[in-house]
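Following the hints, position chain B against chain A.
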Amino acid sequence: MIAGLGLLVGIIIGLMLQPEVPLWLEPYLPIAVVAALDAVFGALRAFLDGIFDDKVFVVSFVSNVLIAALIVYLGDKLGVGGQLSTGVIVVLGIRIFSNVAAIRRHIFHA
Amino acid sequence: MRDGTPDELPPKVHMPLLDYITSTSLDADYAQAAERPEEQQPKQVRPGLAALVVMGLFGLLVATAAIQTARNAGDESSGRDSLVNQIKARSSQLDARRARISTLRDENDSLQQLYLETTSQGRALSARLDRLGVVTGGIPVSGPGVKVVVDDAPEATSDSQRVLDSDLQKLANALWASGAEAISINGQRLNNISAIRFAGSAVTVNQVALTRPYTVLAVGDPDTMPARFVETEHGRDWLDLHAVPGLQFKMTSEESMRLPAAPARILTVRHAMEGETP
Chain A
1 MIAGLGLLVG IIIGLMLQPE VPLWLEPYLP IAVVAALDAV FGALRAFLDG IFDDKVFVVS
61 FVSNVLIAAL IVYLGDKLGV GGQLSTGVIV VLGIRIFSNV AAIRRHIFHA
Chain B
1 MRDGTPDELP PKVHMPLLDY ITSTSLDADY AQAAERPEEQ QPKQVRPGLA ALVVMGLFGL
61 LVATAAIQTA RNAGDESSGR DSLVNQIKAR SSQLDARRAR ISTLRDENDS LQQLYLETTS
121 QGRALSARLD RLGVVTGGIP VSGPGVKVVV DDAPEATSDS QRVLDSDLQK LANALWASGA
181 EAISINGQRL NNISAIRFAG SAVTVNQVAL TRPYTVLAVG DPDTMPARFV ETEHGRDWLD
241 LHAVPGLQFK MTSEESMRLP AAPARILTVR HAMEGETP
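Residue numbers (my numbering), protein chains in the order written: chain A, 1 to 110; chain B, 1 to 278.
Hints are computed from structural coordinates only; laboratory data are not their basis. Just so you know, not all the hints are guaranteed correct.
Simulated pairs of lysine to aspartate or glutamate, EDC-like, Cα-Cα distance not exceeding 20 Å [what the hints assert, rightly or not]: (1) Lys55/A / Glu35/B; (2) Lys55/A / Asp159/B; (3) Lys170/B / Asp159/B.
Going by beta-carbon spacing under 10 Å, a handful of chain B positions derived as facing chain A [to be verified]: (4) Asp27; (5) Gln32; (6) Ala51; (7) Leu52; (8) Met55; (9) Leu60; (10) Val62; (11) Ile67; (12) Asn186; (13) Gly187; (14) Ala199; (15) Ala209; (16) Pro213; (17) Val216.
Here a beta-carbon is modelled for each residue, glycine too, at the ideal position from N, C-alpha and C.
So here's chain B without its partners, still in its complex pose:
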């Protein structure tokens, strides 16, 4: 076999796999059975009882496989349908709950209002709540007041020509001193624990970085506040800053303005507890 030509090798050695599969697609057993000596051959070449049974088995197999596949397909699609239905049911449930939350919230507010209104003590409490809300920045306020816009000096080169955190602190203090009831800087409401600080190169108020120019809104009496402003120590400081390093400063009276509430994180009392009534 060593020096044999390809013809002497069995066909499965030198034939490409697919060609071999094609050429031997009929089981060789049939040919071998046919080549057996005459006396060993079965009398008939027609299918007998065994073929009947095997064909029956084949039919059973095909029918079972078909039924099984159909059944599985049904299971899969019904599973998907039930999932879709569940999703729809749950999301509509969620919508209903959300609607209920908002109605309950409204109801709470109106009930609280009603409860406070029913007693004279409650009315006083409600008024006090509103007053405290203005002072602590807990509720948004609107009303007349002054608007102050400050900015760095034009073509500022040194820090003294820029608006620093201390300058904004002075401005806020001067406005409080001149009778402001509520102050916001660039939309950040100030309360008694607000901080005006430098962080990096930006001024932060309530830990929110601001960009210049700084617009300071102060609710108060617009007729008296400008006059009282220049009488305060920090107010005069600001007039000086406007004069010498040239910081931009512009104060105007406003008929009506609206200040937002302070962010919740500076409204929480962290250490103070309610004291014992003596």
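In isolation and in its complexed conformation, chain A is listed as follows:
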């Protein structure tokens, strides 16, 4: 409940302020969103498993976002930014799917 409230507040603040993203940060924003999505679904699954932990959630969220952005940044510097982004998206995508599958089992018992 409190998490849903936080999400709603965050979205509303974002829509109202419409912060200007610096140009150098722009390529890392989409990958950061995917990494954050992975952390959020992981947290939701842990919550349904009954092993949710605030600290673990915060740490996994921040580190996911930072590492994903760092990998893409490194890839850009090495000239393989596109390929590394694809790799990060594939791994995070698989994790998101399997976490969502676990969540689905919890909710629908199927």
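Just chain B now, kept in the frame of chain A:
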């Protein structure tokens, strides 16, 4: 570990990568945190203030990314639209300029005509311009004249049975001598600096290679030209060529024919300058 079975190895060693990713999709940290001794565990497993802040951050991130993407898409499409508009504007500008060029050119011609017509001197000049244009090949001409078609002898085997550059030179000279005002060979107008030459195996006129048969058009008096032709030295040469090696030669009178202007590159005067009037 050396003689260990695969079961004793950590799963990331023997599992396929995708299976490993799937099986560890939940961060192990949650399980580890849950296994900590009771006294260290947080009192509640429900999300607290930290989760609220992080979820807020997540919402902010998603909203910002969405806004940014929408903004960029707008930029891209407006950029394309403005390029398309620029292309359209410039090409219509180009069309307008082209139309203006042709109207200005027409205007120039008519103004020049008008200017020359206004004075008697100008009228004389205009007439002289036309006359010189006929002689130098600067303007197309039309009128009555004779048409001469020449070709190699049937089943020619040696060069003497073929039409050579010298034969065409003789023919042109004979036609000039018999009163031609303008001559063209296969559509190439002759003037006083035209060259009729052999280049390789083809005859070139005005540096354009021609193929046989050669059709020579000469504007002049069609009643007197054939008679005067046979009186010229080169005309008689041609009658001989027709008789002995058997070159094909056919002269007909034409009521009306049209000769093009000579190409611009042989109309330019390269060395002659206008002299001082004494």
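Evaluated hints:
1. Lys55/A / Glu35/B: holds (15 Å)
2. Lys55/A / Asp159/B: At roughly 105 Å apart (the allowed maximum being 20 Å), Asp159/B and Lys55/A break the hint.
3. Lys170/B / Asp159/B: OK: Lys170/B and Asp159/B at ~16 Å, within 20 Å.
4. Asp27: Asp27/B check passes; min Cβ-Cβ to chain A is 5 Å, inside 10 Å.
5. Gln32: This interface hint holds because 8 Å falls under the 10 Å limit.
6. Ala51: At about 5 Å, which falls below the 10 Å cut-off, the nearest Cβ of chain A leaves the hint on Ala51/B intact, so it holds.
7. Leu52: The hint holds - Leu52/B has a Cβ within 10 Å of chain A, the shortest such distance being about 4 Å.
8. Met55: holds (3 Å)
9. Leu60: Because about 4 Å separates Leu60/B from the closest Cβ in chain A, which is inside the 10 Å limit, the hint holds.
10. Val62: With a minimum Cβ separation of about 6 Å from chain A (threshold 10 Å), the hint on Val62/B holds.
11. Ile67: holds (6 Å)
12. Asn186: Since the shortest Cβ distance to chain A is 63 Å, the answer is violated.
13. Gly187: violated (61 Å)
14. Ala199: At about 57 Å, which exceeds the 10 Å cut-off, the nearest Cβ of chain A leaves the hint on Ala199/B violated.
15. Ala209: For Ala209/B, the interface hint is violated, since the closest Cβ of chain A sits about 56 Å away, which is over 10 Å.
16. Pro213: violated (68 Å)
17. Val216: violated (71 Å)
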